[in-house]
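Q: Chain by chain, the residues run as shown.
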Amino acid sequence: MSSDARQAGIKPGLTPLRIIVGLILVLGIIVTVLRFTTGLAGVTNLDHSNPWGLWIGFDLLCGVALAAGGFVTSAAVYIFGLKKYRSAVRPAILTGFLGYALVVVALGYDVGIPWRLPYPFFVQAGPTSFLFEVALCVALYLTVLFLEFSPAALEWLGYSRLRNLIVKLTLVLTIFGVILSTMHQSSLGGLYLIAPSKLHPLWYTAYLPVLFFVSSIVAGLSMVILESTLSAKYFNRVLDKSHQQEQDILPLGFAKAAALILLAYFFLQVISLALDNDWGYLTSGYGLWYCLELSVFVLLPCFLYAVGYREKNLRIIRFTSVLAVIGIVVNRFNVSLVAFNWHLPLSERYFPSWMEVVISIFLVTLGILAFRFIVTRMPVLFEHPEYRDSH
Amino acid sequence: MSIDRRTFLALLGASSLNLVPALEAKGASKHFEGYPDSYGILFDSVRCIGCRRCEIGCNEVNDLPLPEEPFEDLGVLDKKRRLNERAYTIVNKYHPEGRSAPVYRKLQCNHCLEPACASSCFVAAYTKTPSGAVIYDQSVCVGCRYCMIACPFNVPAYTYADPVSPRIMKCTMCYPRIIRGKLPGCVQACPNEALNFGTREEMLSLARERIKGHPDSYLDHIYGEHEMGGTNWLYISGVPFPELGMNENLGTTPAPKLTSGALAAVPVIAALWPVLLGGIYVMNKRRDTQAEQEKDQAVTRARTEADEKAEAKLKAFKKQAEQEKQEAVAKAVHEAEEKASSQTDEES
Ligand code: SF4
Ligand code: SF4
Ligand code: SF4
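As given, the protein sequences belong to chains A and B, one line each in that order. 269 is the number that our numbering gives to position 258 of the first sequence; each next residue is one higher, with no gaps. 256 is the number that our numbering gives to position 247 of the second sequence; each next residue is one higher, with no gaps.
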């Protein structure tokens, strides 16, 4: 471990960042203990009218959307044949895998009886539920992501025979991953279809599944751009030459795609608005907030991505990727928290407790630490010398 | 943990091999008129005096923990309360506009004909029984609380404070009692016939009778006859239901219909996507191989052309060399002949 750490160029010692990370970990562990000893009531602000809070709104909805980079990138490279983005596949799959793994961990905090999470598959299934769809696809997709990522781990461990076998499955796994992603990304939106009386009409639409799916592609593209920026900054020492070169062409292609999809998303939103004839709501407070969401977090990134692509300006593109990621979070928060239970008086509305926030930050931190541990060791941001050009 | 047939089929269906969820969803989208002879309960807000006896009766027959404020404290009626983990039923007091006397309304599970809770639960913990009661099975519940999101009447409550085996709490329509021919606890406790029990049909007729008999006291609307596709608990009132905190905008679409269409699309994705994606892959692959082939051809063509040129050059070169050689030979012969002839000239 220590030799590994030295190898990866990590210096020992306390830095402010490390102190903060340590603090988050300690707090996270304390709240975890509280959660499982005092129940949900001990740590959350959930109540009977607000059964879903931050852990669903952020950890599940945003987590799954932002982990879409894995299926988006692998589909682009292996199905659409855009081989020039090949070096982005592994980091994207890795973030996807870690993202989904953390989603499952977060669900372990959120559901009342976590050890029963496999019940829908092994004890009694409720196939009329969108949640069943979500659970099944997430479980299967986590497995797919694990397999898709395993070649990197196997190269690192030196199991080349198994590695070659799994690499042969790449296409099948990719197709399976896209199917599962389409299904559960949209099913997450579908969860809210059952509650038209609770979700504000501006956000409630029969198109929710489509909107969730389309926006998840934007989330995936933006996350991959963002990741490549961050990796270039923080893991430059492990990036090899082809990865460094693709660092510059990838944002261009992905920005162009994201601009187009954001435009489509915008029109879908307008169409759903028109179909439900919700124009009247636009002048209310919620209407303003809805217009803000559409303009600042949909149209603006769409425009900026397009400009960044035309002018080949990486700085604009990178900035936009942050904006778009925030936009996805805003949208998921709106559907699950802000516009949900909108008719309830303010005193009965939900606001997360600090301990819920701690757990969300704790899990994200764990994800980043795991990412760092893996990329500084396994061939993710560089190609393993023995397998160059073989995938 | 054994996989039963239903689970297995569902797994198959959801994992794209057949269309079970679509078929099931289709089955659910036919409007369900309710089990024949299922029971119903009629709540009459005109007769309700706000005594909270039904709350006590419910608490006793269901062995629930005592509430924080004693039942005798009628002051709590003034607070807007909701159903919670200690109470399957609650009575709230309302002051409708233009009325001096308050109006009371009892809340509990409405036992929908097609319950949102049942259709939303991913372990099918809820069952709509032929008696009309919607009952919940704690032994499979994961505690995801999606049923609480789904219920349009905000009924299910959760024991959040229990770290080990938290559960949903909601009115059972006194299922264990009614199947044995007993009255529900709340109905039995009601001193003023504000609660009535019978088959749903009987309750609908009773409601219509009361409305017809006292058209001044009642509004001509039986809440629950059609709301959310109909419920087994029915309400009549002298004031508009929204004044009693009841949502009149729920529509008549039963909850399962809200999702069945979109759910039916899921297997379609599972069936069509592989074909589509495979097609795109093959097209790209072919484009790539074509490009590859063209490149190969171009290379060979270039190579043969070069070869031919080189050969022609060589030939020309050889020809030239030949010619030069011949010329040289001819020249030498000529020279030799000349030399020879000059020698003969000298000798002679
Ligand atoms: S009122 Fe709510 S909890 Fe009761 S049956 Fe209907 S959906 Fe289920
Ligand atoms: S909380 Fe329990 S009963 Fe409610 S939907 Fe989840 S698993 Fe089903
Ligand atoms: S029917 Fe039974 S469980 Fe439901 S409110 Fe009445 S007494 Fe309580």
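Hints are computed from structural coordinates only; laboratory data are not their basis. Possibly wrong hints are sitting among the right ones.
With a cut-off of at most 27 Å between alpha-carbon atoms, the simulated BS3-like pairs for lysine-lysine come out as follows [as the list claims (entries may be wrong)]:
#1 A:Lys179 to B:Lys88
#2 A:Lys95 to B:Lys294
#3 B:Lys348 to A:Lys94
#4 B:Lys304 to A:Lys95
#5 A:Lys244 to A:Lys94
#6 B:Lys318 to A:Lys267
#7 B:Lys294 to A:Lys94
#8 A:Lys267 to A:Lys244
Beyond 10 Å from chain A on every Cβ pair, some chain B residues (computed) [stated by the list, open to error]:
#9 Val55
#10 Ile58
#11 Arg62
#12 Glu81
#13 Tyr113
#14 Gly207
#15 Leu228
#16 Thr268
#17 Leu286
#18 Ala339
It should be emphasised that the depicted structure is a prediction, and the values quoted were computed from it without experimental measurement. Glycine is no exception: its CB is placed at the ideal position from the N, C-alpha and C atoms.
Q: Would you mind marking each hint as holding or not holding in the structure?
A: Hints, verified against the model:
The straight-line distance between the Cα atoms of lysine 179 of chain A and lysine 88 of chain B is roughly 66 Å, outside the 27 Å bound, and the hint therefore fails. Restraint check for lysine 95 of chain A and lysine 294 of chain B: satisfied, since their Cα atoms lie roughly 15 Å apart, inside the 27 Å limit. For the hint linking lysine 348 of chain B to lysine 94 of chain A, the alpha-carbon distance of about 81 Å lies beyond 27 Å, and the restraint is violated. Restraint check for lysine 304 of chain B and lysine 95 of chain A: the C-alpha separation of about 19 Å stays at or below 27 Å, so the hint holds.
The hinted pair formed by lysine 244 of chain A and lysine 94 of chain A meets the criterion: a straight-line CA distance of about 24 Å does not exceed 27 Å. Proposed proximity of lysine 318 of chain B and lysine 267 of chain A is contradicted: the alpha carbons are some 48 Å apart, above 27 Å. A threshold of 27 Å between alpha carbons decides the hint, and for lysine 294 of chain B with lysine 94 of chain A the separation of about 11 Å falls inside it, so the pair holds. Proposed proximity of lysine 267 of chain A and lysine 244 of chain A is supported: the alpha carbons are some 23 Å apart, at most 27 Å.
Listed as outside the interface, valine 55 of chain B is consistent with that label: its C-beta sits roughly 26 Å from the nearest C-beta of chain A, beyond the 10 Å cut-off. With a closest Cβ-Cβ approach of about 27 Å to chain A, isoleucine 58 of chain B is found to remain outside the 10 Å limit, as its non-interface label requires. Consistency note on arginine 62 of chain B: stated as away from chain A, and its beta-carbon is indeed over 10 Å from all of that chain's, at 24 Å minimum. Every C-beta of chain A lies more than 10 Å from that of glutamate 81 of chain B, the closest at about 24 Å, which supports listing it as non-interface.
Every CB of chain A lies more than 10 Å from the CB of tyrosine 113 of chain B, the least distance being 21 Å, so the non-interface label holds. Against the 10 Å criterion, glycine 207 of chain B stays outside the reach of chain A, whose nearest CB is about 29 Å from its own CB. At roughly 21 Å, the least C-beta separation between leucine 228 of chain B and chain A is larger than 10 Å, which holds for a residue marked as non-interface. The claim that threonine 268 of chain B is not at the interface with chain A is violated, since a C-beta of that chain comes within 10 Å of its own (minimum 5 Å).
Chain A draws leucine 286 of chain B into its interface by the beta-carbon criterion, the shortest separation being 5 Å against a cut-off of 10 Å. Every beta carbon of chain A lies more than 10 Å from that of alanine 339 of chain B, the smallest distance being close to 64 Å; the non-interface claim holds.
In summary, the structure is inconsistent with hints 1, 3, 6, 16, 17 from the numbered list given earlier, while agreeing with the others.
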